[in-house]
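Participant: The lines below spell out each chain.
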Amino acid sequence: MKIVVFVKLVPDLVEELTVDPGGTTLDTTWLRMIINEFDDHAVEQAILLKEKTSTQVIVIAPDFDGVDEVLFTACAKGADQIIKLTGDFSSINNHALARAVASRIKILQPDLVLTGVQANNDIDGSIGPALAACLNQPFVGYVSGVTLEDNTAIVQKEYPGGVIAEMSITLPAVLGIQAAEQPPRYVAVSKVRQVMKTSNIDEQPLDELDNSGFPEVTRMFQSETSAHAEMITGSPDEIADRLVSVFKEKGILQRTNR
Amino acid sequence: MSQDIYVLIEHNQGQVAEISYVMLAAGRQLAGIHGSQLFAMLLGYQAQGLSLDIAADKLLYIDHPALKEFAQDAYLLTLTEIIKSRQPRVVLFGNTTIGSDIAGAVSIALGLDLASSCRYFTSDGKFVSQICGGKIMAEGNLSSGTTLLTMVPGGYKPEEGQSEHPPVIENFSPPVLDNLRIKNIKFIQPESFDIDISKESILISVGRGIQTRDNLELAENLANSLGGVVCASRPVIDQGWLPTTRLVGKSGKHVKPKVYIALGISGAPEHVEAITGSETIIAINTDPKAPIFDIATYGTETDLFDLIDVLVEKVEAAKAS
Amino acid sequence: MPERIDFWGIPENWGSPAFYVYSLMFLAAAILLIRFYLRARLWWKVGRPGFHWNHLLQRLGRVINYGILQTKVLSQRYPGLMHASIAWSFFVFFLGTGLATIDSHFYKILVGIPYLLHKLVMDVFVVIFFIGAGLAVFRRFIQKPPRLTISSGFTWSLALTILIVLGGLLTESLRLAVEKPSWAWWSPIGWLVAKLWISTEASSATLTNWHLVIWVAHLLIVVITIITLPVSTLLHIITGPANIFFSNPDRKPGRLSPIPENSKAEPIYSDSLRNLSWMQFLSADACTECGRCQDVCPAYAAGTSLNPKILILNLRDALKQDASSILHGNTNTHLLIGEWIKENALWSCTTCMACVYECPILINHIDTIVDMRRHLVIKGQMDGELQAALENFGRYGNSFGQSDRMRARWTQTITPKIKDARREQVEYLWFVGDYASYNPTLSDITIKTAEIFNKIGLDYGLLYDAERNSGNDIRRIGEEGLYEMLMEKNVAAIEKCHFQTIITTDPHSYNTLKNEYPINQDKRILHYTELLDQLISSGRLKFRKKLGIKATYHDPCYIGRYNEIYAAPRQVIQATGCELIEMPRHAERAFCCGAGGGRIWMPEGDVKERPSEIRIREAVELDGVSHFIVACPKDITMFRDAVKTTGNEDKIAVKDLIELVHAAL
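Chains as they are written, first to last, in the numbering used here: chain A, 1 to 258; chain B, 1 to 321; chain C, 1 to 665.
Note that these hints are calculated values from the structure, not bench results. Watch out, some of these pointers could steer you wrong.
Have a look at the derived ranges for each label pair, beta carbon to beta carbon [said to hold, decoys possible]: (1) K248(A) / K379(C): 48 to 56 Å; (2) I154(A) / G605(C): 34 to 42 Å; (3) K157(B) / D27(A): 32 to 40 Å; (4) K379(C) / D210(A): 41 to 49 Å; (5) Q574(C) / K248(A): 48 to 56 Å; (6) D194(B) / N332(C): 38 to 46 Å; (7) S325(C) / K52(A): 24 to 32 Å.
Quick list of in silico lysine-lysine cross-link-like pairs, DSS-like style, CA-CA up to 30 Å [claimed, not checked]: (8) K419(C) / K289(B); (9) K84(B) / K183(B); (10) K342(C) / K320(C); (11) K455(C) / K197(A); (12) K195(C) / K144(C); (13) K126(B) / K52(A); (14) K157(B) / K68(B); (15) K489(C) / K264(C); (16) K248(A) / K157(B); (17) K248(A) / K319(B); (18) K106(A) / K84(B); (19) K126(B) / K84(B); (20) K183(B) / K2(A); (21) K183(B) / K52(A); (22) K320(C) / K72(C).
Not close to chain C: a few residues of chain B, all C-beta gaps over 12 Å, as computed [stated by the list, open to error]: (23) Q15; (24) R28; (25) S85; (26) L110; (27) K199; (28) N215; (29) E217; (30) P235; (31) F305.
Since we're looking at a predicted model, the values are computed, not measured. A virtual CB, placed ideally from N, CA and C, is assigned to each residue, including glycine.
So here's chain A without its partners, still in its complex pose (with noise of 0.2 Å):
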């Protein structure tokens, strides 16, 4: 068996985001890049299938800044082989993406396909469903387990309210992971280090991105913080007062008098 893991880097929400002064897209200049968790859990996931069934792992990124450590993170977890897909992903949309990377899986013919069941960027739908249908393949995304049968995939698929359904797939096939089986494990500072010495990237050039399939967005803006909520300001002892008057004002702080 042979799977691939897609994955791809997203804007670290930890740092102040802000829109680039022709309107339309991020500003990257303080934009820190980290691996989509969505992503982090396919990859989990694929190396526990390994773990259980022996099979191939492959993992590929397209090259955004930061992504040879997560690649060669990827490795040092048990990845087989890391792809990197090179070109000029300034602009990147998930159509354009999907078609690309389905174009390298027809080579690799995997079995299963694994990626993150979506990103804090897409803005054109999550990358699994387009990828499946270029693919020609189905898919089922929210998935948080995955037992190999021989030409099917068992799935856990969750739904609101902590339902969780359990499909059969026929293979190939795509997914899109919610949660791994367990969480992502760690992998030591000196192991990623050791593997980037005895490990190579194979590096993929990518031609001609077809980006349609999206509508032009025409203004980005900051979504007004505040804009709602009143803000309590003063000390820790000020700031429970007024919210124990709002208990009050709710009428909740009787009931618990029962």
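With chain A's structure known, arrange chains B and C on it following the hints.
Facilitator: What follows is chains B and C alone, placed relative to chain A:
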């Protein structure tokens, strides 16, 4: 191409999902702008009964055993068929565990434009989507062809998408649904021994900002003193600090308490969409830019570790007096 | 003329007693050596060899200091006196016996006054021995402090030593009772006992026969003691000094030992007995089970699964049980980590170094714990909270998961703007540390520190967003690679700056910067308490007010035990006009707050009582002390919390030393 607005009704195990009504409300606004009709699409098996309170001009009903529950390939085949034959102006999907699985595939399969995480439409019909955890909004015009959108809650009240008058039902014959590659095997219900947080009226919810498992005690103290229950956002549940039955969010519970106190929760869209039904939201977060403050009734930037003990004391004092 | 008689009272028809005695002794010694060798060779057969003989004189000096004079043993009064009485008596008995051997066979020295002095000294030490043995019996059978291992092995050894001395005393007294020499009083104890025999009016022949019986018994007991020594608790007589000798003499306590490497420069992780060093086994076999480490361990006091003594003894037992399997190539042995030593125990250590400080034979528990943690880290086996913290360090350089650009946010209110040491030359480079920079509840104290520096016109600057966590505790978690990464980034930033001295707020940063960072040797590194102390004594820092507060001071582990800064903070506190009252455990013996060694990023788990709470309870016992002064940002968070949880908010206030200085200015 028609100017009609189509909404995919989402349902699961015989229940229409709330996002469907939000989309109907949005669809109604768009239909007004485009001077067209609002169509609801219900894919199911012997599920006409679900359509009763749907506020649409017409309901397109597609009946097939393979559509009894959501399966991405059966939905994809059916929806591409409908869209090809009806050529709507706009198709709305939920940015949900159902809609997100399908919208992108339809977009690629039919070569239609797709915008995701749309929160509302402007009065001139532009879509406004949220990205980067709700910190950034992107506004754009609908494309010239059929435009697909996935919607997040928060922009419209679900009641606006409900009606006392059932819509006119129009049956649409399903395409051939053979050789499907996705099969529903069974549904696993959440463990029922725990409290149902969707029925609680006071919730103390903790997020990443609680930092450690031990600090949960703070939230528990506050919950005890207010007579509420502790719940959490995804990162806390993923750590295993609370059972999944306490998860508030897209794949957890949607809650509607009288008072929802968010401790150290930034307000990622998956979380926010599940708490908009709360009467009062009190957000405590040291990050002044946390999106949670956008939807909270009250907010404070004080460190929760400084505040909670004091608050518990004051609540106790108020109860005693 | 008084002189020593060889083999008094041994019947002449027995032949040469010397032949029997030396044959027996030779045989016993041979058995001792063979048994000891069979045990000791496992150290380097199973473990990694590598013997260090450098600094020979220093090593011998340490053996004399700790092994013979037993200064560490003596640092605790009761057990110190007890052990030293017994040990020194045996040293004297051994020397005395040695002299007697020389006297018999080589050179007559025990004649006249030297002989009498010899008798007197030996007798005095008999008294000293019995005092020690009495203390031991009382301690073991009546007091029974929880730290002791109450097992038959110790009773056996104690009984043997008592019987040996008793045998010597009885033979001497019986001889005196028969001989009644005029110089008998030179053996005061022997003579007193002899008088007892004389008072029984037994015949000389009877007494001589008794003497013979006891003499033979005495000889046999000595033989038994010698041949059982390698398997008895007395083994530490050999292994203790050996451990002291081979322990690294030139390592500062604040410098952690690096990850051991094999010949190919690949790291060796302590995941199995095979990968431990022979020294770790020597230490394990040297452990006297005195329990001093257990007594002072905050993790043990808190009720966690760590007991430093048991940890070391588990290594000993693991070697005992699994060595032969391992040497026969059998891999199916108990797991070193997971079975012999529980992971939780390893993670419970706060690296406060109290155990290492107390150990009378210089066992380094922390080295072993960190070595094993390194193995867990490389395997990714750790708690989720700790993992999240480490990931934050890797990504942001701090555990708060905040942007590096937010590091200096606390400076916003300070005017004039604090210099950026990367751009301007400064005298002092202030390494603020994570807690003081990011923790919103501590920013008040950090701002006060800056205000004091401004007021006295200190020329200082910051690294701003180039500062990273110093990595002191990350290294002690066992994440060496991450430590190196942070250290390299900090060093690169520091090297770009022009300054003379680094000041740190955090004792943990201080430790690693001072002892582990490859920073130019001519740069000084000061903890802020040292700086303030220097500024006070040079007259640059003067106080207007006398605070008149009764305060106690808590020594942070990393400037206290690790770096022996005890006087500076105390002098500063007193200079502000506070009356300093010491807690029972202070300076070298200060009790850790429980946050070090990465514990602050790990879940507390099931604890009986938090170390910080134990410490606060210790402080509130002091008469009239209203302030608990600390000099470490982590201490502020730990102890303010503990004051609340122990309900002592109206009794004692936790203040940083800097707050006193600020108030007294």
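Participant: Against each hint, give a clear statement of whether it holds in the structure.
Facilitator: Results for each hint:
1. Separated by about 54 Å at the C-beta atoms, K248(A) and K379(C) satisfy the suggested range of 48 to 56 Å.
2. Checked against the hint of 34 to 42 Å, the pair I154(A) and G605(C) passes, with Cβ atoms roughly 36 Å apart.
3. Distance hint for K157(B) and D27(A): a CB-CB separation of about 34 Å, consistent with the stated range 32 to 40 Å.
4. Distance hint for K379(C) and D210(A): a CB-CB separation of about 44 Å, consistent with the stated range 41 to 49 Å.
5. In this structure the supplied range 48 to 56 Å holds for Q574(C) paired with K248(A), their Cβ-Cβ distance being about 50 Å.
6. With their beta carbons about 43 Å apart, D194(B) and N332(C) fall inside the hinted range of 38 to 46 Å.
7. For S325(C) and K52(A), the Cβ-Cβ distance of about 31 Å falls inside the hinted range of 24 to 32 Å, so the restraint holds.
8. Note on K419(C) and K289(B): the hinted pairing holds, with a Cα-Cα distance of about 28 Å set against a maximum of 30 Å.
9. Between K84(B) and K183(B), the direct Cα distance comes to roughly 25 Å. Compliance with the 30 Å bound is thereby established for this hinted pair.
10. With a C-alpha separation of about 18 Å, the suggested pair K342(C) and K320(C) falls inside the 30 Å cut-off, and the hint holds.
11. The hinted pair formed by K455(C) and K197(A) fails the criterion: a straight-line CA distance of about 51 Å is larger than 30 Å.
12. A distance of roughly 36 Å separates the Cα atoms of K195(C) and K144(C); the hinted pair therefore is violated under the 30 Å criterion.
13. Between K126(B) and K52(A) the alpha-carbon distance is near 49 Å, which puts this suggested pair outside the 30 Å criterion.
14. About 28 Å separates the Cα atoms of K157(B) and K68(B), which keeps this hinted pair within 30 Å; it holds.
15. A C-alpha spacing of about 27 Å is found between K489(C) and K264(C), which places the hinted pair at or below 30 Å, so the restraint holds.
16. Restraint check for K248(A) and K157(B): the C-alpha separation of about 27 Å stays at or below 30 Å, so the hint holds.
17. For the hint linking K248(A) to K319(B), the alpha-carbon distance of about 10 Å falls within 30 Å, and the restraint holds.
18. The suggested pairing of K106(A) with K84(B) holds, with an alpha-carbon distance near 27 Å, which does not exceed 30 Å.
19. The suggested pairing of K126(B) with K84(B) holds, with an alpha-carbon distance near 24 Å, which does not exceed 30 Å.
20. For the proposed pair K183(B) and K2(A), the alpha carbon gap of about 22 Å is at most 30 Å, so the pair holds.
21. Distance check on the hinted pair: K183(B) and K52(A) sit about 24 Å apart at the alpha-carbon level, within 30 Å; holds.
22. With a C-alpha separation of about 28 Å, the suggested pairing of K320(C) with K72(C) holds against the 30 Å cut-off.
23. The Cβ of Q15(B) lies farther than 12 Å from every Cβ of chain C, with a closest approach of about 34 Å, so its non-interface assignment holds.
24. Remark: the non-interface label on R28(B) is consistent with the geometry, its nearest Cβ contact in chain C lying 42 Å away (cut-off 12 Å).
25. Even its closest Cβ contact with chain C, about 50 Å, leaves S85(B) beyond 12 Å, as expected for a residue assigned away from the interface.
26. Look at L110(B): its CB is around 40 Å from the nearest CB on chain C, clear of 12 Å, so calling it non-interface holds up.
27. The non-interface label for K199(B) is consistent with chain C: the shortest C-beta to C-beta separation is roughly 30 Å, beyond 12 Å.
28. Interface exclusion of N215(B) from chain C breaks down, the closest Cβ pair being 10 Å apart, not more than 12 Å.
29. At roughly 10 Å from the closest C-beta of chain C, the C-beta of E217(B) falls inside 12 Å, breaking its exclusion from the interface.
30. Against chain C, the non-interface label of P235(B) is violated: not every CB pair exceeds 12 Å, the least being about 9 Å.
31. Distance check on F305(B): its Cβ comes as close as 7 Å (rounded) to a Cβ of chain C, failing to clear the 12 Å threshold; non-interface status is violated.
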